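Novice: Sequence:
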Amino acid sequence: MFRIVRPLSRLSATPLLARGAVRHQSTAAQKAGKPIAGQRSPWTSGRVLLFTAFTASLTYLYGVNDASSHFKLSWANFRKPSYANKTDMEKAIQELKYTLGSDAISTDDEDLLLHGYSEWSSINIDQLPVAVAYPKSTEEVAQIAKTCHKYRVPMIPYSGGSSLEANFSAPFGGMSIDFTFMDKIITLHADDMDVVVQPSVPWMSLNEQIKDSGLFFPVDPGPSARIGGMVGTSCSGTNAVRYGTMKDWVVNLTVVLADGTIIKTRRRPRKSSAGYNLTNLFIGSEGTLGLVTEITLKLTVIPQETSVAVVTFPTIRDAAAAASKVMRAGIPVAAMEIMDEVQMGVINRSGSTPKKWKEVPTMFFKFSGTKAGVQENTAMVKTIAKMHKSGDFEFAIDAAEQKTLWSARKESLWSMLALRTEGLEVWSTDVAVPLSRLPDIIEISKKEMDDLGLFASILGHIGDGNFHESILYDSKNPRERAAVEKCIHDMVDRALEMDGTCTGEHGIGLGKKDSLLKELGLDTIGVMQKIKGALDPHWLMNPGKIIDLPSS
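Take the sequence shown: its letters are residues 1 to 552, numbered as in the numbering used here.
Please keep in mind that the hints were generated in silico from the structure rather than gathered at the bench. If you're wondering where the values come from, they're calculated on a predicted model, not measured in any experiment. Nothing false has been slipped in among the hints.
Below, computed lysine-lysine pairings styled on DSS-like, alpha-carbon distance capped at 30 Å:
1) Lys447 to Lys513
2) Lys386 to Lys403
3) Lys371 to Lys382
Construct the entire structure; sequences and hints are all you get.
Specialist: Shown next, in the form of structure tokens:
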């Protein structure tokens, strides 16, 4: 038992360069060789797009190969990592068995597969970890790190195992560090509205255990997620539109560094301007900078009133446009989610909820606060929705029905996975864009996805510009996989063109390193390399994730 301590408008998807081909009807324009009315310009949209892609590729290749680039120069400070050979790996395993006990280290084949392969992930590799460690305390994690550092063994943290971008895969073998036995709520400070937990605490279990305090932790990703992995990917969930993401709810972290040093990023007040913000440095780092062993989380008060509503729209664009207007109006919805007609059909086919749903684009709203506030916000959202051709709102009449209605959204990925037959895989990934561009990217991406002719759906946290594509495909068909991969990459590139991000909440892992480079540029990646090299000079912490290893 844990201890309680009480003291805007529609925009074309065509790139700006294509839209800038303005036709001038003047003598001066004629003399300059520019097209006038009635003449066909040699610069068609297709040619402009081709020219843009060509010049962008040249610029990218020049930057990567330019010897004066900071990106290239940053490698001058790092040697190519050299990892433990078989003999050294065996020495490390025996040493840890002696120090922690034989039960703390596993080399069982099924264990290794569980910690190196994931049916959730869109990417899997052949390489598995060589061993799995099961620490029970921060001190044991530090001992594991010291031994792995001594023998140059890669370390890969493992929490809930539900990440989607090969975040816990082991491309260089090494030691998977599974925090299964570090699943305790250490201290609840109810009056301070915070709680100290270990990394393997599930967020749903946390809220169940602390509910009598009148408090809850609002970040709500997939039901199987645990706090350590949530920190690693800086995840969010359906409540992010009101409460923010993981980085907004972490007070401090206890972290074991690559050489076994134990640090605490800051103390426990809600505010601090003391020194560098190391807490946020580790959030979203996917275990590449250190192993998180304790987390202090902010809590908030359980709302007096909560209401859940479901409403349908004729098209996915109508739904996205309504969401954008709701946000622009400043209405404090607690959550606002979208699922297309395919995903609603998936829910029906899987039988994951007791209700049968209309198979049309659907939005899920959650309202919370005082009773009067909930009623006022609901009325304003209904007005905006009607302006965008919505159907009637369906409201839950009690807590049980609220759970049923909301479960359709929370069970979406699991419902898709349940439809797989032998040989089929689900590719699920996410992007996020500024709110005004959301209707554009969702409409175009859905069309391209539907053109694949495969079973595919769109869903997402539409209130903060974050949405997901999930595509069911034959993993043994190279042409089919290539088509799916192109569709996904096009969606990501389009998000970047709209000043968005390649991932809103899944993280980079192995799958999106190229997209991260496109998003941030060479010099910013160079800064990340230098931070990584300073904290982990031998590149032992989850190597190969987020950024590539030094090559020379």
